[in-house]
Amino acid sequence: MREQVPIELAAHLNNAGITPASDTGRGRFNVWRNSLPGEELPLGRPFTAGGVRFAFPAAGPGRPDNVRCEGQLVTVPPGRYDWCCLLAAGERRVEDEVALHFADGSVDFEPVRVSDFWAASAVFGEEEAVATSVMHYPQHVQPGVTAHIWCQRVPVTRRAELRRLRLPHNVALHVFAATLCPSREEVNAG
Amino acid sequence: MTCVRSVTQWYRDPISCLQSTLATLLLEAGHDPLEVLGLSWEFRYHPGDVRPEEYYWPCRRPGDLAGSLLPLHDVTSRWRAIDRADPLGEWRDALAGGRLPVVAVDNYHLPFRPAYHDVHAAHLLVVYDVDETAGTVSVSDAMPPDFAGPLPAEVLLRSCAAAGVDDEQDVFFSGPVTSGGRWLDVRLPATIPALDPGRLGLVLDANAAAFAAPSEQAWTGADGLRRYCAQTDTAATPELLAEAYTFGWGMQAQASLHGELLRALGARWDRPALAEAGRRVEQVAHRWTAVRVTAAHGRDDPAACAGPLRDHLGRLQRAYQEAHTALGRAAADLR
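Residue numbers (the numbering used here), protein chains in the order written: chain A, 20 to 209; chain B, 410 to 744.
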């Protein structure tokens with residue numbers, strides 16, 4: 020039986036959205052330079068949310084920890100999948116599209132919907148992957164304002180081998196990790 | 410003199426202090442905030458009018474912020490200058506008369522705001538109690554981290570007086586053009602007719618007619634939206650890009666509440682077309698995210714964000730059109 024397949028995002032990480040309490044000033048998740056508290060996150064460790072296993076990114080000075088979406092083209096392990104699952108958060112609510120590129124040359128645009136990271140609830144039916152107790156501001160740690168990372172699914176409806184995906188040209192969307200869930204046919208065949 | 414001991418707060422993540430403060434006033438008056446704040450939906454832009462305030466709204470009635478936001482209800486408001494000789498007197502009198510004052514403040518001076526002693530930003534609070542013996546004023550702020558409780562009167566008054574300070578850390582909600590030392594006196598109707606399919610149908614028809622009408626001085630409707638998007642695209646100065654973040658918040662918040670209301674009513678009345686129209690309106694709100702955030706991050710380098718911004722402005726216009734098509738179907742279904 021084929022396992023869930025993490026997508027390697029290291030080459031695409033381009034944003035510092037996680038900081039320690041001792042160094043909140045370098046956070047750049049949103050236009051206010053808020054960031055998520057690293058002390059409350061599984062940095063650099065496997066992490067399960069919504070029944071999906073993710074490789075949570077590490078974080079540190081000079082080390083981006085998430086992909087701020089600017090149309091990056093991401094190569095994935097070839098295979099047939101049902102879902103592309105994301106650990107993601109929005110700078111406000113985000114609705115956009117991911118382009119899925121298949122081995123036979125076909126391309127599908129599928130919706131990606133991610134709720135706000137800042138003191139919000141899941142409005143698109145996501146699983147809450149992370150809810151912190153504080154929010155990092157450039158000059159201080161703020162209690163009473165939660166930061167969220169959501170586990171959201173993007174459907175892969177085409178029964179064909181997926182090769183690449185293009186993230187939206189939408190800087191409001193941040194992706195921390197992604198994992199592909201094999202199609203039911205592939206699982207059964209395995 | 411103590412007038413009101415507590416208030417109820419109401420919040421949604423797309424809204425600003427403009428909607429959250431009025432929601433508290435509506436709840437105190439026994440009204441459903443979503444049914445009132447979510448009923449009207451329009452596009453309206455007043456060139457040259459956008460001020461760096463979290464609560465900026467393009468007012469169809471000059472000086473009447475609440476009445477302009479809620480044009481379908483018998484709501485009026487006017488800004489009043491704080492009386493320096495008796496600064497608490499007017500608030501005390503308003504509370505005694507059953508009205509909750511909404512005060513304009515600078516977050517920099519408020520200990521419960523994240524911007525405390527860090528960033529100057531124009532914001533609104535609800536005053537719900539004046540205790541002159543204790544020297545405190547109780548205020549409510551539903552925006553996270555929510556707060557309700559007493560403040561030393563001198564702290565609140567310092568915050569009120571300071572509104573209007575320029576701060577390069579917050580180009581969106583601070584600036585010398587915002588005026589301090591004022592509060593909003595809001596008059597709400599005692600009763601608001603219950604929404605039923607017939608009344609909502611008329612509202613949707615009126616909203617649609619306004620969207621289809623040509624715009625003039627104020628850029629309104631589809632025509633105003635087209636002009637706004639063309640301006641933001643072709644003359645994308647850092648100032649206009651920053652303005653898009655500020656101005657867009659009001660448009661985004663109203664679309665989100667209108668969409669939520671229609672979805673909720675569609676479910677309550679088993680009107681699927683209405684629920685679908687509500688979802689289309691919510692998509693407009695979410696398209697505003699891309700415009701606002703792209704513009705805000707791109708204001709230091711307009712050329713670099715020009716391509717994505719043009720794309721998002723186009724998609725925003727298409728989202729409005731799709732929403733109005735769905736609203737037309739919903740209105741027909743309600744007749």
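Any given hint might turn out to be false.
Said to hold, decoys possible - Across the chosen pairs, the derived CB separations fall in these ranges:
| hint | chain 1 | residue 1 | chain 2 | residue 2 | range |
| --- | --- | --- | --- | --- | --- |
| 1 | A | Leu92 | B | Ala599 | 54 to 62 Å |
| 2 | A | Thr67 | B | Asp642 | 42 to 50 Å |
| 3 | A | Arg183 | B | Asp632 | 35 to 43 Å |
| 4 | A | Gly70 | B | Thr734 | 33 to 41 Å |
| 5 | A | Leu92 | B | Gly607 | 22 to 30 Å |
| 6 | B | Trp678 | A | Gly124 | 53 to 61 Å |
| 7 | B | Ala505 | A | Asp42 | 46 to 54 Å |
| 8 | A | Arg72 | B | Arg719 | 35 to 43 Å |
| 9 | B | Tyr525 | A | Ala122 | 54 to 62 Å |
| 10 | B | Ala639 | A | Gly70 | 40 to 48 Å |
These are calculated hints, taken from the structure and not from any lab test.
Glycine is no exception: its CB is placed at the ideal position from the N, C-alpha and C atoms.
To see whether the hints hold, each was checked on the structure:
1. Checking the proposed 54 to 62 Å range against A:Leu92 and B:Ala599 shows it holds: the Cβ atoms sit about 60 Å from each other.
2. A hinted range of 42 to 50 Å holds for the C-beta pair A:Thr67 and B:Asp642, which are about 44 Å apart.
3. At about 41 Å, the beta-carbon gap between A:Arg183 and B:Asp632 stays in the expected band of 35 to 43 Å.
4. Judged by the Cβ atoms, the range 33 to 41 Å given for A:Gly70 and B:Thr734 holds: they are separated by roughly 38 Å.
5. At about 52 Å, the beta-carbon gap between A:Leu92 and B:Gly607 misses the expected band of 22 to 30 Å.
6. Our hint of 53 to 61 Å for B:Trp678 and A:Gly124 is violated, since their Cβ atoms are close to 46 Å apart.
7. Range check, B:Ala505 to A:Asp42: Cβ separation about 51 Å, and the 46 to 54 Å hint holds.
8. The hint said 35 to 43 Å for the Cβ distance between A:Arg72 and B:Arg719, and at roughly 39 Å that hint holds.
9. A hinted range of 54 to 62 Å holds for the C-beta pair B:Tyr525 and A:Ala122, which are about 55 Å apart.
10. Between B:Ala639 and A:Gly70 the beta carbons are some 47 Å apart, a value that agrees with the proposed interval 40 to 48 Å.
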